[in-house]
Amino acid sequence: MGQLSGPTDPTADAHWEHSHPRKGFFTDTSICIGCKACEVACKEWNHNPQDGNLELLGSSYDNTGALGASTWRHVAFIEQGQDRIVEARESGRALVSLGMPRIGPPATASPAATDLAEADTTPPDTADFRWLMSSDVCKHCTHAGCLDVCPTGALFRTEFGTVVVQDDVCNGCGTCVAGCPFGVIERRADGSVKVATSRNDQHAKHPAVPNAGIAQKCTLCYDRLVADETPACAKACPTTSIKFGDHDDMVETARERVSSLHAQGLTEARLYGANENDGVGGTGSVFLLLDEPEVYGLPPDPRVPTADLPQMYRRAGMAVAGMAAAVAVAFLGGRA
Amino acid sequence: MTLSEFDSFRPSEPARRRRREGKRGPGRRPANGDGSREMPMVPEPEFSSYYGRPVVKPAPWGNDVAAYLFLGGVAAGSALLGLGGQLSGRPTLRRNARLSALAAVSAGAVALVKDLGRPERFLHMLRTFKVTSPMSVGSWILSAFSAGAGVSAVAEIDRMSGSRLPLGPLRSVLRAVEGPAGFEAAVFAGPLAAYTAVLLGDTATPTWNAAHEELPFVFVSSAALASAGLAMVTTPVRETGPARKLAVLGVLGEVVAMKVMKQRMDPVAAEPLHQGKAGAMLKWSERLAVAGGLGTLLGGRHRGAAAASGLALLTASALTRFGVFEAGLASARDPRYTIEPQKTRLAARRAAGITDDAITTGG
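In order, the protein sequence lines correspond to chains A and B.
Position one of the first sequence corresponds to residue 1 (the numbering used here), numbered consecutively onward.
Position one of the second sequence corresponds to residue 337 (the numbering used here), numbered consecutively onward.
Take the hints with a grain of salt, since some may be wrong.
[To be verified] A short list of chain B residues far from chain A (calculated; beta carbon distances all over 10 Å):
| no. | residue |
| --- | --- |
| 1 | Ala395 |
| 2 | Leu417 |
| 3 | Ser424 |
| 4 | Arg454 |
| 5 | Met461 |
| 6 | Ala529 |
| 7 | Ala530 |
| 8 | Ala533 |
| 9 | His548 |
| 10 | Glu550 |
| 11 | Gly586 |
| 12 | Val591 |
| 13 | Gln599 |
| 14 | Gln678 |
| 15 | Lys679 |
| 16 | Arg681 |
[Claimed, not checked] Using C-beta positions, here's what the derived DEER-type ranges look like:
| no. | chain 1 | residue 1 | chain 2 | residue 2 | range |
| --- | --- | --- | --- | --- | --- |
| 17 | A | Gly81 | B | Ser340 | 44 to 50 Å |
| 18 | A | Tyr61 | B | Ala480 | 28 to 34 Å |
| 19 | B | Tyr387 | A | Cys35 | 17 to 23 Å |
| 20 | B | Ser508 | A | Gln166 | 35 to 41 Å |
| 21 | A | Gly333 | B | Arg495 | 45 to 51 Å |
| 22 | B | Ala687 | A | Gly6 | 51 to 57 Å |
| 23 | A | Glu55 | B | Val513 | 46 to 52 Å |
| 24 | A | Asp248 | B | Arg685 | 48 to 54 Å |
| 25 | A | Asp248 | B | Ile690 | 31 to 37 Å |
| 26 | A | Ala328 | B | Val509 | 57 to 63 Å |
For the record, the hints were derived by calculation from the structure and aren't laboratory data.
Glycine included, every Cβ here is placed at the ideal spot set by N, Cα and C.
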């Protein structure tokens, strides 16, 4: 058993003896155009079945809704007015002025970390409204809640530091679904999708839903990684918003990108998951966001539940002792 | 009521968000939604979320799992009562408690298997032993408990049937091991009652996770009062003295632990415990537990009163389990319960000068 929280190398923690570098994504949402090529490429490569009933959600151009058992990339789409843009810029500026200690070598490539109060905040394009688009994906956490609580060993840490479900081992107990602080992993339903009767003949041609009743999520294209290939979503991304590579390089790229955006006055830019001191020990998939994480449906302060497990076991131990004591008192306290 | 012909084009009044059901003042009028009353110009403060969609996913567990929480508790307490009966020379209590333990644990195990996505793979639960997975630890506890509870209950069944079970030479073995088996089941009984609290606490489901410090105490108390209640239903009063004491201790434990739990939890994460179906179940659970406890104290020596109190206690325990279970699922379905407590704790840490552990960083 490795560490339950804090900075660590997850591959070494999982007792991999060779040293593959940890792989990960850097999703730069500032250049995402919301084309959903990543969603499509992911579905096709992984043979993921139809999710839901092709209904329109009516909230935005995003009709996928959320990550799920059959949706391993999800492009969020948010429309915001000017007041919200100003708020985002202020909250981003506040993050920089917190003076968070940087991880790794001191910043050489970030001249912007100087004084942002004087920075020119004139937006490069329209100031009236903006569209935020962000391709969400499994975070492949350093301390993965799903992996920790999996009772069968179906979830495992790969040599690339990613977290993958073994379809032939998982028995669909669902503990991982509740264990994920990001709401990523989900148990796949039996796939009894209702289609309009007009498409019935089409539907008859659909293959049976694979892996029904089993927890499913992004594998970071494990099958492609072992063949030294780029994951399907990153390969398909037309704007390089989804970047793939060694985790350390991704974090470094992300830091450079955020400082260059800050230098342009876009103080709303911030990184999500690049801090190895956070509640999940840093994520394998790093994001550059342009507003608070909850706007994108991401938790603002996720914490892997297993970090508190030793304390929970201690409390449970005390409770067991209390129960035993109560029974002993009941029997030994004289005949009632 | 329409004042002008254009009133029909007014947007209907938005439903106001009710923070706490059951606390509506008498002076608050219901909105009639026809736009005839002035609408609030300032919207109620909203936390931001992605179109109100949940952040975390609720566990895909049905009522089977809630039923298991209850049955596992009944089985655990019954095994302890069985051991007590065994050691203190109360043969009827011993017999009934052992049979109850086996029946409850079997029904519970069936419920658990039924709830799996792939029930035919239930044995994969014993494929490995993982300390970090309360589900794995619990599967082993449940297996170990079932072995002891099964052997001791089969011995009782054999005795009740006048040694008619086709055991052959194994009968003497069974007679020799039934005592140790009852003891072994009792050893795993406490962990069986408590691990489910860890299982729920060790999730990202806001209400369960926020309750992790006190939930084990709530669950073992609930197990104690439920199993004592069952013994009071099944067993004549001359042998249920210890069960009555255990019932009263269980009621005290549960009422106190639940109060402390609700107070120490994040107030927002505790809300689902007070609202809706879960809130109603927990309210009735407390009432029934207190009523059952009082009934046990006052009329426990009377067979009918004891049985009625026992039934009240069993129902109270079931309601506690279903209430806590439902509250957690409800907290996962509403993004507010994930986002608000997290923002509060992040702000508290920042206010305390800890600025290096946020997932969002400026560079």
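Hints, verified against the model:
{"no.": "1", "hint": "Ala395", "in the structure": "violated (4 Å)"}
{"no.": "2", "hint": "Leu417", "in the structure": "violated (7 Å)"}
{"no.": "3", "hint": "Ser424", "in the structure": "violated (5 Å)"}
{"no.": "4", "hint": "Arg454", "in the structure": "violated (5 Å)"}
{"no.": "5", "hint": "Met461", "in the structure": "violated (6 Å)"}
{"no.": "6", "hint": "Ala529", "in the structure": "violated (6 Å)"}
{"no.": "7", "hint": "Ala530", "in the structure": "violated (4 Å)"}
{"no.": "8", "hint": "Ala533", "in the structure": "violated (6 Å)"}
{"no.": "9", "hint": "His548", "in the structure": "violated (5 Å)"}
{"no.": "10", "hint": "Glu550", "in the structure": "violated (8 Å)"}
{"no.": "11", "hint": "Gly586", "in the structure": "violated (7 Å)"}
{"no.": "12", "hint": "Val591", "in the structure": "holds (14 Å)"}
{"no.": "13", "hint": "Gln599", "in the structure": "holds (16 Å)"}
{"no.": "14", "hint": "Gln678", "in the structure": "violated (4 Å)"}
{"no.": "15", "hint": "Lys679", "in the structure": "violated (5 Å)"}
{"no.": "16", "hint": "Arg681", "in the structure": "violated (6 Å)"}
{"no.": "17", "hint": "Gly81/A <-> Ser340/B: 44 to 50 Å", "in the structure": "violated (31 Å)"}
{"no.": "18", "hint": "Tyr61/A <-> Ala480/B: 28 to 34 Å", "in the structure": "violated (54 Å)"}
{"no.": "19", "hint": "Tyr387/B <-> Cys35/A: 17 to 23 Å", "in the structure": "holds (20 Å)"}
{"no.": "20", "hint": "Ser508/B <-> Gln166/A: 35 to 41 Å", "in the structure": "violated (46 Å)"}
{"no.": "21", "hint": "Gly333/A <-> Arg495/B: 45 to 51 Å", "in the structure": "violated (29 Å)"}
{"no.": "22", "hint": "Ala687/B <-> Gly6/A: 51 to 57 Å", "in the structure": "violated (22 Å)"}
{"no.": "23", "hint": "Glu55/A <-> Val513/B: 46 to 52 Å", "in the structure": "violated (60 Å)"}
{"no.": "24", "hint": "Asp248/A <-> Arg685/B: 48 to 54 Å", "in the structure": "violated (27 Å)"}
{"no.": "25", "hint": "Asp248/A <-> Ile690/B: 31 to 37 Å", "in the structure": "violated (25 Å)"}
{"no.": "26", "hint": "Ala328/A <-> Val509/B: 57 to 63 Å", "in the structure": "violated (30 Å)"}
The structure shown violates the earlier hints numbered 1, 2, 3, 4, 5, 6, 7, 8, 9, 10, 11, 14, 15, 16, 17, 18, 20, 21, 22, 23, 24, 25 and 26.
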